[in-house]
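Number of protein chains: 2
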Amino acid sequence: MAKVFHTLVSVDEAFSMLGRYHRLEPLGVEVVGLEEALWRVLAEDVGARVDVPPFDRSEVDGYGVISADVVGAEEDSPARLKVVGYSKIGEPFPSEVRRGEVVEVDTGAAIPRGVDSVVMAEYCRRVGDYVYIYRSVSPGENIAFTGSDVTMGDLILNKGCLLTPKEISLLSALGFKSVPVFKIPKVALISVGSELRRPGEELRYGEIYDVNTYSISSLLKEVHVSTKVYGVVSDDYDLLRKTLSDALDWGDIVVTSGGTSAGITDVTYRVINDLGSPGVIIHGLKVRPGKPTVIGVVNGKLVVGLPGFPLSAVMIFNLVVKPLLLKIMGIRSSTEFKLPSILAEKVVGGKGREHLVPVILVDSGNGFISYPIPTASGSISVFTTADGFIRVPERFGFLSEGERVDTYLISSNWRPADLVIIGSHDYGINIALNLFNVRPNAKVVSVGSLAGLIAVGKGGSHIAGTHLLDEETDTYNVTFISKLGLTGRVVIIRGYSRNVGLIVQRGNPKNIRGVEDLLRDDVVFTNRNRGSGTRTLLDVLLKDLARDYGVGFDEIARRIRGYTVEAKTHTAVAAAVAQGRADVGLGVEVAANMYGLDFIHLRKEHYDFAVNTGNLEKPMIKEFIDVLRSDEFKRRLESLKGYEVPEDVGTTLQQLS
Amino acid sequence: MAKVFHTLVSVDEAFSMLGRYHRLEPLGVEVVGLEEALWRVLAEDVGARVDVPPFDRSEVDGYGVISADVVGAEEDSPARLKVVGYSKIGEPFPSEVRRGEVVEVDTGAAIPRGVDSVVMAEYCRRVGDYVYIYRSVSPGENIAFTGSDVTMGDLILNKGCLLTPKEISLLSALGFKSVPVFKIPKVALISVGSELRRPGEELRYGEIYDVNTYSISSLLKEVHVSTKVYGVVSDDYDLLRKTLSDALDWGDIVVTSGGTSAGITDVTYRVINDLGSPGVIIHGLKVRPGKPTVIGVVNGKLVVGLPGFPLSAVMIFNLVVKPLLLKIMGIRSSTEFKLPSILAEKVVGGKGREHLVPVILVDSGNGFISYPIPTASGSISVFTTADGFIRVPERFGFLSEGERVDTYLISSNWRPADLVIIGSHDYGINIALNLFNVRPNAKVVSVGSLAGLIAVGKGGSHIAGTHLLDEETDTYNVTFISKLGLTGRVVIIRGYSRNVGLIVQRGNPKNIRGVEDLLRDDVVFTNRNRGSGTRTLLDVLLKDLARDYGVGFDEIARRIRGYTVEAKTHTAVAAAVAQGRADVGLGVEVAANMYGLDFIHLRKEHYDFAVNTGNLEKPMIKEFIDVLRSDEFKRRLESLKGYEVPEDVGTTLQQLS
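Chains as they are written, first to last, in this note's numbering: chain R, 477 to 1133; chain E, 477 to 1133.
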């Protein structure tokens, strides 16, 4: 634990240090057929060997003419010319055309000899062997000349260019049957950790499933390198040495994960150093998460050790391994998939260390907004929501709201979500999404009502579920629009009601009757996150209690065991009670019901939806409101315990002034 | 030719008509190992079968304590507790912890029984078997509880979800060894056309290379369906019938291209109709390009005939075939890759027909801008620049400048370009790009100086090469900033000089001496596109001539044979002269030189670079200017005939007021 790392370096410093020990250059050149060339990297500049089009061809359907024959042709004085043939695609007219003659031509067909322009069919009227032409043309009109699109000798693709479908199209059009490309690097993959089990195996206490083998091999497939999975190796020097040695024999690059922390388990570091020279070059990045990253070179081959936590491993893969791989693949231009975006809220990193923060990318209707996701470092549920991550630079320690940031995408096959719902957690949201005509590519993030309202106000999300109780007016949600300065920017759409109360063990063994029982010494509570509607409700109830007891709110809060322990969802609260971690929590009736727990009703609350006014006309938002109003939604939601859908569901609520 | 099509339908109408004849549903379900599951589509909702984390674990390095033991612990009154063990990752501490005892824990390690919170290592000081703790903690602090990230039973992935690296990570974390997925559709691919040759073969007159086999099969690989290429079939009924019949036996879907126009060559239509019922359902889309699109169903299998032109085929593939494929793959949510963008300039389509217009996506620093690319329908060079296309709706007939549009990306592996250079064509640009430290992922589009300046002004491109002569002041470029209303938004960076003049056949057989010779009856000229600096120069020279002759400019222009024939680049002008299509063109000396042609010097012009002031601090722009100033750039550019790099290259030019 807490063994001092060697000097931590920044990502740029790491690249430059590594450059002194590894050439980071392609591994050789081979020629492949065009059918096999997709996702390969061009090893030479490619010039056009033919003209495109390879012959003068017509750009329209019509008649090929000698322009001098149609000089002065107009609607009331057409030229009458003799049709001597037809030039079809693939069957050019074989003879020369003389004055007074024309040839019918198809779009794309070769221009016959003698013809210098084409009159579009709509200006021509065919009568037997003759055609009346009602318009004059200039020489060259409607003809695509030989080489006018691509001229023989033109440089068309540069060395180091990735061959995507567009480049493959271009190469085929220019007649290339095969192309010289760089050899594909071979990447070996090892997961290190005694606690790791393969998916499908039984977990023993303290064990978790190996994720990095699957996540990193998937990302390697996206880069189209050759990959071999060596699987899980426990934190055992001899075992890892044997496996790493085999992997180095097979591959050009070895990527490990885990086993690189500074504790006793720091086995990867020692094995890399012992296997060959120069060994470990970088041990520790000035990046959070990413400190345990190891980069080494063993007998000319690259070894990178990623952190063990899945999201950390994926972010450091994208930030460090992918750029190195692209260089070794021979990709000359940068191809990192970063999207420009505006930061939805201030993000605090920390001086002396770059911070990587996962974000959701939201199409605000006016560019992308990056919404930072609150997450614990070991979280894997973040994979359901995060599109990418942003870098909070070491020298600032924070990024401000509204700042322009680059968002690094986790996967290169990224699609923007159709619908982003950030706010309070409720079971009705998933029911609504399933009732869409086509289920949208939606992201639902539970951060609580308050943060949800603010995100909607900034365009950082499309919809927020909210159930904020205003203690002054004893109403829900609507008054918070003006309180938060969101008037005109956000409207509240009426949702439904749900029962909220205390979730306790089945049979209520602690005999809990109300909020005042939370103050008891023998009762452990589990709270919700700050800004959640449920937390707001609790605090309103506790303030009443504090008044009754004649003490301050803080005093009351301090007396509740577990007041500072925060769960993010109703399900998590119920799970904590079901697992005995707490005796009681505050949540909705349905959560208690799902876990077979008892429920003490406190009140019926309004769960409504906040929408940014700028998004009200979006088809997805309209469909969401239509679904809320549907009979099927009412039927499905009310089949859950404690829910009630009112008559005015889906209407826009106004603040009474 | 011009045979009347059946009723043309819109894309949405086509989908709804097709829905009556084909279920557009997945072809079955199979279970695959997680290693094989990337890019497959989930066939069932997936719920968590384990909790994540599967045990209470520490979120920090530190000491696991009973919170009651550290109540009141502060910097000057630490708690002193006995260390009874160490809980490491994969090696949990086996016994229960009692009051007065603590256990050292690693991040991610299991929380020992009895411990209810963890104090971070930085608030602890170890002395032998004891540890001093300088801070109190609440119950639950720094512990990730069982199921707090994902709770057993949580719905984590929906049926119809595409399994990207993120979903694969999630599935592995939840212990799934295998998953039920929909069967992969088999897509057969046929290129129809007697004029088509395979790349590598010799082209005969009137023939072109088959592109669609390569472009469409590449796009199919991106969608991860199973593909079989049947290659080129000529416009022959029996041959196509045999091939299509084989393809229908093998595949679930057949995609053809070409052979669908309304001419005599309309063989695809007849074959589909004759092979089985119901045959052709849609013959013709109200989309330009895309009118010749055919959609049919033959004995339950889908057949789509794409237009023959490569870009048309690719756009209709993306607009029509891909959404159908995604449905048959079982992808429930929409996954079209559209990016929101702002249109850089007005685009005119046409009423009664949706128009698809290829665009470049430019990162303006404030969202994406779509810059429409002027292109001929048969162009293949457009594949070097186009990122995607926009849809100009049938009912409007145009889209306005500044309008928000969705850009459909051609390839799903799209990356934004680092540097977009739209403007005048010059050979120095490629020299400069090759001198970058890392060659940028750059796009260079030749549209002429004027359109280039305007694009830079709108943020629709990063740099424009420009050589616009101001006849009033006889200066270049700078005065156009205020003339175009771009003051403050665009600056001119000094570039270099180049010789411009008349390019004529070798030996000058027509004895051309100057611009006045363009008026001769026996001289055919080839012009440049409107808005190009060279065209502007020509028109200035012609106006002088018109004054000398005492006639109007229009009169002069009308007398020049070929004045209306436009070439886009200096190379294209030189090629036209070299191929004998014209006797003379206006262009730079180096182009004449490259084609071994003669050159009649007219003047030395300034070729400078326009940059949007908002982009001046971009690293790519700074490097571009640094490269211009480098000795190596001067050396390489001046090795080309007619170029001169001045002392003040790279400086910002100011308009003298």
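Hints were generated in silico from the structure; no laboratory data involved.
Please note: incorrect hints may appear among the correct ones.
Computed beta-carbon distance windows for the label pairs [claimed, not checked]:
id	chain 1	residue 1	chain 2	residue 2	range
1	E	707	R	605	33 to 43 Å
2	R	700	E	572	27 to 37 Å
3	R	558	E	712	41 to 51 Å
4	R	1072	E	504	32 to 42 Å
5	R	1128	E	722	35 to 45 Å
6	R	1030	E	1098	50 to 60 Å
7	R	511	E	712	51 to 61 Å
8	E	722	R	880	21 to 31 Å
Please read these numbers as outputs of a predicted model, since none were measured by experiment.
Where is the CB? At the ideal position from N, CA and C, for every residue including glycine.
To see whether the hints hold, each was checked on the structure:
Distance hint check: the CB atoms of residue 707 of chain E and residue 605 of chain R are about 39 Å apart, consistent with the given range 33 to 43 Å. A hinted range of 27 to 37 Å is violated for the C-beta pair residue 700 of chain R and residue 572 of chain E, which are about 52 Å apart. For residue 558 of chain R paired with residue 712 of chain E, a C-beta distance near 31 Å fails the hint of 41 to 51 Å. Separated by about 38 Å at the C-beta atoms, residue 1072 of chain R and residue 504 of chain E satisfy the suggested range of 32 to 42 Å.
For residue 1128 of chain R and residue 722 of chain E, the hinted distance range of 35 to 45 Å is not satisfied, since their beta carbons lie about 59 Å from each other. Between residue 1030 of chain R and residue 1098 of chain E the CB atoms are about 54 Å apart, so this pair conforms to the stated range of 50 to 60 Å. The hint said 51 to 61 Å for the Cβ distance between residue 511 of chain R and residue 712 of chain E, and at roughly 24 Å that hint is violated. Roughly 55 Å separates the CB atoms of residue 722 of chain E and residue 880 of chain R, a value that falls outside the hinted 21 to 31 Å.
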